[in-house]
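2 protein chains.
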Amino acid sequence: MVSVVIMAGGRGERFWPKSRKKLPKQLLSLTGDGKTMIQLTVERVKSLVEYKNIYIVTNEEFSDIISYQLPDVPTENILIEPVSKNTAPCIGLAAIHIASKNPESVMVILPSDHIIGDKHQFISILKSGIDMAKNDGNIVTIGITPEHAETGYGYIKLGDKYNEIKNNCVFKVDKFVEKPNLEKAEQYLTSGDYLWNSGMFVCKSSTMLNSMSKYMPELHKGLMNIKDAMNEDNEEEVFLEEFNKFDSISIDYGIMEQAEQVYAIPGDFGWDDVGSWSSLERISGTDIDGNTVMGNIVSIDTKGCIIQGNGKLIATIGVENLVVVDTEDATLICAKDKCQDIKKLLNQIRNSNNESCL
Amino acid sequence: MVSVVIMAGGRGERFWPKSRKKLPKQLLSLTGDGKTMIQLTVERVKSLVEYKNIYIVTNEEFSDIISYQLPDVPTENILIEPVSKNTAPCIGLAAIHIASKNPESVMVILPSDHIIGDKHQFISILKSGIDMAKNDGNIVTIGITPEHAETGYGYIKLGDKYNEIKNNCVFKVDKFVEKPNLEKAEQYLTSGDYLWNSGMFVCKSSTMLNSMSKYMPELHKGLMNIKDAMNEDNEEEVFLEEFNKFDSISIDYGIMEQAEQVYAIPGDFGWDDVGSWSSLERISGTDIDGNTVMGNIVSIDTKGCIIQGNGKLIATIGVENLVVVDTEDATLICAKDKCQDIKKLLNQIRNSNNESCL
Numbered sequence: 000m001v002s003v004v005i006m007a008g009g010r011g012e013r014f015w016p017k018s019r020k021k022l023p024k025q026l027l028s029l030t031g032d033g034k035t036m037i038q039l040t041v042e043r044v045k046s047l048v049e050y051k052n053i054y055i056v057t058n059e060e061f062s063d064i065i066s067y068q069l070p071d072v073p074t075e076n077i078l079i080e081p082v083s084k085n086t087a088p089c090i091g092l093a094a095i096h097i098a099s100k101n102p103e104s105v106m107v108i109l110p111s112d113h114i115i116g117d118k119h120q121f122i123s124i125l126k127s128g129i130d131m132a133k134n135d136g137n138i139v140t141i142g143i144t145p146e147h148a149e150t151g152y153g154y155i156k157l158g159d160k161y162n163e164i165k166n167n168c169v170f171k172v173d174k175f176v177e178k179p180n181l182e183k184a185e186q187y188l189t190s191g192d193y194l195w196n197s198g199m200f201v202c203k204s205s206t207m208l209n210s211m212s213k214y215m216p217e218l219h220k221g222l223m224n225i226k227d228a229m230n231e232d233n234e235e236e237v238f239l240e241e242f243n244k245f246d247s248i249s250i251d252y253g254i255m256e257q258a259e260q261v262y263a264i265p266g267d268f269g270w271d272d273v274g275s276w277s278s279l280e281r282i283s284g285t286d287i288d289g290n291t292v293m294g295n296i297v298s299i300d301t302k303g304c305i306i307q308g309n310g311k312l313i314a315t316i317g318v319e320n321l322v323v324v325d326t327e328d329a330t331l332i333c334a335k336d337k338c339q340d341i342k343k344l345l346n347q348i349r350n351s352n353n354e355s356c357l
Numbered sequence: 000m001v002s003v004v005i006m007a008g009g010r011g012e013r014f015w016p017k018s019r020k021k022l023p024k025q026l027l028s029l030t031g032d033g034k035t036m037i038q039l040t041v042e043r044v045k046s047l048v049e050y051k052n053i054y055i056v057t058n059e060e061f062s063d064i065i066s067y068q069l070p071d072v073p074t075e076n077i078l079i080e081p082v083s084k085n086t087a088p089c090i091g092l093a094a095i096h097i098a099s100k101n102p103e104s105v106m107v108i109l110p111s112d113h114i115i116g117d118k119h120q121f122i123s124i125l126k127s128g129i130d131m132a133k134n135d136g137n138i139v140t141i142g143i144t145p146e147h148a149e150t151g152y153g154y155i156k157l158g159d160k161y162n163e164i165k166n167n168c169v170f171k172v173d174k175f176v177e178k179p180n181l182e183k184a185e186q187y188l189t190s191g192d193y194l195w196n197s198g199m200f201v202c203k204s205s206t207m208l209n210s211m212s213k214y215m216p217e218l219h220k221g222l223m224n225i226k227d228a229m230n231e232d233n234e235e236e237v238f239l240e241e242f243n244k245f246d247s248i249s250i251d252y253g254i255m256e257q258a259e260q261v262y263a264i265p266g267d268f269g270w271d272d273v274g275s276w277s278s279l280e281r282i283s284g285t286d287i288d289g290n291t292v293m294g295n296i297v298s299i300d301t302k303g304c305i306i307q308g309n310g311k312l313i314a315t316i317g318v319e320n321l322v323v324v325d326t327e328d329a330t331l332i333c334a335k336d337k338c339q340d341i342k343k344l345l346n347q348i349r350n351s352n353n354e355s356c357l
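Each protein sequence line maps, in turn, to chains A and B.
Each residue of the first sequence is one higher than the last, beginning at 0 in numbering that gives the first Met the number 0.
Each residue of the second sequence is one higher than the last, beginning at 0 in numbering that gives the first Met the number 0.
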């Protein structure tokens, strides 16, 4: 039996002004096909699992719109974190729900806001991962063959080749490494021994909980208390109390970097974590002037710009390498290489009587 | 007796998207004080003439909003050109209306969309100009002492000093010269013999009509036909027929460059013809980062930008030397040194199903 866990609690500040406190990236359509990122994520795994085995972990604020966007996913499978505690508690929460039905069930853990190019290869790799993960203790991570010396991602250093399942190579993982500087990223790229860490994992729910018991005993204890209180009178009370106590720790740091039976399957299916507005030109492509435009745009001498309109006419003259995003109550004009400063901007907006625009 | 003629038929395309086909620059408030350019023009001459002696020449489309913006100017003083024919027919039309009341009346002819800094000096110079213009045949032009080697203006080459009236020097005009290239503009600036042609003139209505009779006889003949038909049954018919026949000629070309008794009074009262968005930083000044902003703007690393908001939040990050203008149905983002391409842009808008934004 296979379950899919989709992590959908992210705030997506980097896509302001289109993403908002109440409407983060995973709930937006950014690729021009009208489907939101989370809808595309569910659509991709439809051949793998039934809707009743798809779990979404999110927060109270996003749960209604997620139910609305994913009407086929049972409401009881939308798991609500009372507070965001990074990926380890998020995955732990899904694991106890799935284990309470069937501890042998293999969990495919996916982010809700990534872009996948070749869906067939993606599913083929997940299937090989599921095969591997059927063995107790095995945790499989999907790594992405790097296309350039990216400093914005963590990397997975491969060990020896372990197996080959349906044309997909399986490697032992040597180690997980943090986001490198450019020099290191270039070394990683040329060595051929490193993959981008995509944040996608496959393992049995029992394996995940056993690993947590070994490497994150506090988290595991809390999760067991939550599990034991399920369907009891004090379920909600125990859940809130225990979850609030959890440390904010990523699954990479808490489990992956320590567990022993960790494997990686490399994929080159065209992957993007859509980390900022500048990702859009990779995803949507550019026109002859290097522009990526959506909406009602009229341009003269405009090059390398990403422009997202919102009905209203946007006219550009003589500008280069800008990100322009228009929404009903806010317009962003940002140098393409300064998108990371949007977070700084949001602080300034917070302090400038524009709270409603957040 | 003194009359003021304000030319207000200009289309002001260069201030798109704030200026529109139906709302050109002279009817907009661009300086942040809430008053429109034409209101400021009238306000400046209030000490010189009564409202009943202020004439506005414009077109059918703008006349209602001009009446609305200038409730004290008698409606019958708002003269409507059936078609725009440059400044000579415009001034001729005003001249016959004024001459029909009093040919000895001195006309002060002003554009409707210029900025004046020192209003006292401005009025003092106009008064000296009026004194000079009381003599038959004298035409006085107000020239601006150049502040830099501007290639966007025509110049007036001064001849000998002719007179001094109330501390204002009056020079014979040697000649009018067209917009120069940069090299020539620099020569003009250093020579000290040249003034910017501001397009402001003072002369009696009889002098103007006599000059037209001499140098633009076709125009004069048509104007006389229009004047003769005033208050007759065929007034409208004659007016339309004659006006439509007029050549499109500027007063500079048609009269000033040829007439003999042409004088100039230099002014350094702080003048700007507000020719494009980039004028705004000269007029409104800049903040410590060189920005000129109006509206709800939040900026990070933004330098040398002119930003005009419209209620909605505009956020900028890492941009330089941009003009950003937001209106209800269109947003312009333009390199500051490319404002002249707005006209090109409007053609493109015309061809892109956005007619309503013109």
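If you are wondering where the hints come from, they were derived from the structure by calculation, not from laboratory data.
Errors might be hidden in some of the hints.
What the hints assert, rightly or not - Straight-line C-alpha distance at most 27 angstroms; calculated DSS-like pairs for lysine-lysine:
| id | chain 1 | residue 1 | chain 2 | residue 2 |
| --- | --- | --- | --- | --- |
| 1 | B | Lys45 | B | Lys34 |
| 2 | B | Lys244 | A | Lys21 |
| 3 | B | Lys21 | B | Lys244 |
| 4 | B | Lys335 | A | Lys335 |
| 5 | B | Lys343 | A | Lys302 |
| 6 | B | Lys342 | A | Lys311 |
| 7 | A | Lys20 | B | Lys311 |
| 8 | A | Lys133 | A | Lys226 |
| 9 | B | Lys20 | A | Lys311 |
| 10 | B | Lys342 | A | Lys302 |
| 11 | A | Lys311 | B | Lys335 |
| 12 | B | Lys343 | A | Lys311 |
| 13 | B | Lys17 | A | Lys311 |
| 14 | A | Lys343 | B | Lys335 |
| 15 | A | Lys17 | B | Lys118 |
| 16 | B | Lys165 | A | Lys17 |
| 17 | B | Lys311 | A | Lys343 |
| 18 | A | Lys302 | B | Lys17 |
| 19 | B | Lys302 | A | Lys343 |
| 20 | B | Lys302 | B | Lys20 |
| 21 | B | Lys45 | A | Lys335 |
| 22 | A | Lys17 | B | Lys311 |
| 23 | A | Lys311 | B | Lys311 |
| 24 | B | Lys342 | A | Lys342 |
| 25 | B | Lys302 | A | Lys342 |
| 26 | B | Lys45 | B | Lys118 |
| 27 | B | Lys126 | A | Lys302 |
| 28 | A | Lys165 | A | Lys178 |
| 29 | A | Lys302 | B | Lys335 |
| 30 | A | Lys133 | A | Lys178 |
| 31 | B | Lys118 | A | Lys335 |
| 32 | A | Lys311 | B | Lys21 |
| 33 | A | Lys335 | B | Lys343 |
Said to hold, decoys possible - Below, a sample of chain A positions facing chain B; criterion: calculated Cβ distance under 7 angstroms:
| id | residue |
| --- | --- |
| 34 | Pro70 |
| 35 | Asp71 |
| 36 | Ile296 |
| 37 | Lys311 |
| 38 | Gly317 |
| 39 | Lys337 |
| 40 | Asp340 |
Nothing here was measured: the structure is a model prediction, and the numbers come from that model.
Just so it is clear, CB atoms sit at the ideal spot from N, CA and C, and this is done for glycine as well.
Against which earlier hints does the structure fall short, listed by number upward? As far as the earlier hints go, 2, 15, 16, 20, 21, 24, 27, 28, 30, 31, 34, 35 and 36 are violated by this structure, in ascending order.
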